[in-house]
Amino acid sequence: SQTIHQWPATLVQPVGSPLSLECTVEGTSNPNLYWYRQAAGRGLQLLFYSVGIGQISSEVPQNLSASRPQDRQFILSSKKLLLSDSGFYLCAWGTSGVDTQYFGPGTRLTVL
Amino acid sequence: EDQVTQSPEALRLQEGESSSLNCSYTVSGLRGLFWYRQDPGKGPEFLFTLYSAGEEKEKERLKATLTKKESFLHITAPKPEDSATYLCAVQASSGGSNYKLTFGKGTLLTVNP
Chain A
1 SQTIHQWPAT LVQPVGSPLS LECTVEGTSN PNLYWYRQAA GRGLQLLFYS VGIGQISSEV
61 PQNLSASRPQ DRQFILSSKK LLLSDSGFYL CAWGTSGVDT QYFGPGTRLT VL
Chain B
1 EDQVTQSPEA LRLQEGESSS LNCSYTVSGL RGLFWYRQDP GKGPEFLFTL YSAGEEKEKE
61 RLKATLTKKE SFLHITAPKP EDSATYLCAV QASSGGSNYK LTFGKGTLLT VNP
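Same order as they appear, the protein sequences are chains A and B.
Last residue of the first sequence: 112 (the numbering used here), numbering continuous.
Last residue of the second sequence: 113 (the numbering used here), numbering continuous.
These aren't lab readings, by the way, just hints derived from the structure by calculation.
Just so we're clear, the structure is a prediction, and the values are computed from it rather than from any experiment.
It is possible that some hints are incorrect.
[What the hints assert, rightly or not] Partial list, derived from the structure: chain A residues whose beta carbon lies under 10 Å from chain B: (1) I4; (2) Y34; (3) G41; (4) R42; (5) G43; (6) Q45; (7) L46; (8) G94; (9) S96; (10) P105; (11) G106.
Every residue, glycine too, gets a C-beta built ideally from N, C-alpha and C.
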């Protein structure tokens, strides 16, 4: 069966510091991968998605970036965090041709 | 722009008291409508996918239905363990981002024993 991991589970960072969140998927090959952010009082917002290694599409322009160095690894990064980057970050995977997306456990990011 | 509105924002039920959650949507061609359950501090858990008006799906005490403008999640004889936030999302068939899910803000369901 497929499993999705995210780490860290929680993170507290000062404004202006860098960020690196990691997501890995097990039990499937060539998945579509997604990064979402869930802010208080708002619905989940798609940030990035990837259909293959090195292929990244951005949905929302901001100071975040994403990379996919391996087939089942997805990384969310920032060079300098803003207060507005605080939120619950969720990674999800799906299979081409099947629409359902399955979510990981999430990373709670607090920027102070 | 695709939009999803869920109502009510919060719902409190007594154990065994059946009710429905609503998800209204506007989308440029529906590819699929999705229901998820989210417990506090955790990622959403997939429940159902509906593709066309008239379709229904069931899982234990939950039943999801779909019309051309909205979807309902019916909860029959709920138990306290059904307490969670229920999220609705749509996926459009038009445009370049076929994979994008547009989510509503969710309905927070509390079932009291």
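To test your reading of the hints: which numbers does this structure violate? Per hint list: zero violations.
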